[in-house]
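Assemble the complex: chain A is given as a structure, and chains B and C must be docked to it using the hints.
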Amino acid sequence: MSRALVSVPPRARRGEVVEIRAMVQHEMETGFRPLPQGGFVPRLILRRFECDYDGATVFAADLHPAISANPYIAFRLRATRSGELVFRWIDDRGAVREERAAIEVA
Amino acid sequence: MRRAALAAVALAALGAAAAAWAQSAGGDARRPGSAFMSRETQAMQRDDKANPGMLSVLEGEELWKAPAGPAGRSCASCHGADAASMDGVAARHPAFDPARGEAIDLAGRIAQCREESQGAPAPRREGRELLALTTFVAHRSRGARVSTGEDARLAPTIEAGRRLWQARLGQLNLSCAQCHDDNAGMKLGASTIPEAHPTGYPIYRLEWQDIGSLQRRIRGCLTGVRAEPFAYGAPEYVALEAFLMDRARGMEMETPGVRP
Amino acid sequence: MILRAPSRRLLLAGGLALAAAPFPARATPEAARAAMRAFAGGAEPRRGRVELDIPTLVENGNAVPTVVRVDSPMTEEDHVVEIALFNERNPLPDIARFHLGPRCGEAWVSTRIRLGDTQTVHALARMKDGSVWAASAELIVTLPACIEG
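Protein chains in written order, with the working numbering: chain A, 973 to 1078; chain B, 346 to 605; chain C, -12 to 136.
By construction, these hints were calculated from the structure, which means they are not laboratory data.
Where hints are given, some of them may not hold.
[What the hints assert, rightly or not] Derived pair list, reagent style DMTMM-like, types lysine to aspartate or glutamate, alpha-carbon separation capped at 25 Å:
1) 410/B <-> 1034/A
2) 410/B <-> 461/B
3) 394/B <-> 1076/A
4) 115/C <-> 1076/A
5) 394/B <-> 1001/A
6) 394/B <-> 988/A
7) 115/C <-> 1024/A
8) 410/B <-> 432/B
9) 115/C <-> 1022/A
Okay, chain A solo, but in the shape it has when bound:
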């Protein structure tokens, strides 16, 4: 299983905009790397990233081979309620990698 590092502030005030960061192990094989015997290394990338929080997908991204290996994505989020953020990465074959982090909102 690949490793993921997510950064969510443990506590926030209600309504505060916080920074969320997510990084995951993945080669992001582009499909454009030539093989010595001809042809190319088959493409295998994470093509989708999603973040669920407080009952909805609040941020998502469609990724292409031009996203670096071990993808790093950061975004902002308004803290609304204590609970869990669920991060999801989906690859070309449909395999899903999930990571969770809690936030306490007061």
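Leaving out everything else, chains B and C in the frame of chain A:
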């Protein structure tokens, strides 16, 4: 024309950053590779949630705690789950191994432990398992001062490393010293030639898009001067590493480093 | 030493740079424009409101830190729906598309991208009212001198 002007401005900014570093280092003129990098790459290394080398630290921590070999012993069973006993260990490697009567590098030491104490298959040099474990252990030395060379028994190895460092190699007939001693801080193409202090290894190198060892980095230099690289784990690499760590004695470890 | 666009790698004194295999195909400025037109969906992209923060001189094109910020109140009525990044000289013009909404609070994304060459990168943002705003940045991609053979 406009692009050339932009590049000139950006290169000047990089030079200024390195100069500022030299001034802040308080008399020690030695600069780690990170001092020569762009602001963006420095920021990537500094921030544990953005440094991709931290993914290898995490992987190494999992391996540290996972049983391996027929007895089902993990690294943690002997050395503790938090690996506090590993603090500073990377800063004094390569070290003298009395049992073998020769120097051993950190990855070699971990491989030896895996094979001899755990009875697990010998991990492959530059393979994921050994790199991750080495990165995890070396990360415990972040901030520690390099002390390799304080052990006098390492002196012959360091001397062997020095001779290799100064030897002209390859079709280009260049020595390591000609670039990294005589021309450090100068440009090779658009890159600044660093002083070659191995304080951040294993490093996440953007060119590799992965974590890698000092031996892999030296291999890159060897193929660059069109020399035949040594096999991974060869005593020549250990000697070069011992020489470079002794040369960097007193500098701060920064594993996992990020380099372009 | 200064790069001369559009060469991918410098021919270095001493021949230390070994040429890497070229990309099999290339996007073109025309392909990038077509992708951006498709994204804009009939709207005419306007300059402004979008800030693209990307280094001018890139040390290694394998991981270029890229930040896009859009001037928007991010309310239910007025917010950024989507941010897209495009390039003109990688094999494909698309880099990524980010889907945002009012719950983001601020229209800000940060990522790391691959750029195979010195080129222009474009950031486009689509607002809830369908208007599209754009920014672009020219940058120079250099490489480490010693490439492993």
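Now the hints, each set against the structure:
no. : hint             : result
1   : 410/B <-> 1034/A : violated, 35 Å
2   : 410/B <-> 461/B  : holds, 18 Å
3   : 394/B <-> 1076/A : holds, 20 Å
4   : 115/C <-> 1076/A : violated, 30 Å
5   : 394/B <-> 1001/A : holds, 23 Å
6   : 394/B <-> 988/A  : holds, 21 Å
7   : 115/C <-> 1024/A : holds, 21 Å
8   : 410/B <-> 432/B  : holds, 17 Å
9   : 115/C <-> 1022/A : holds, 20 Å
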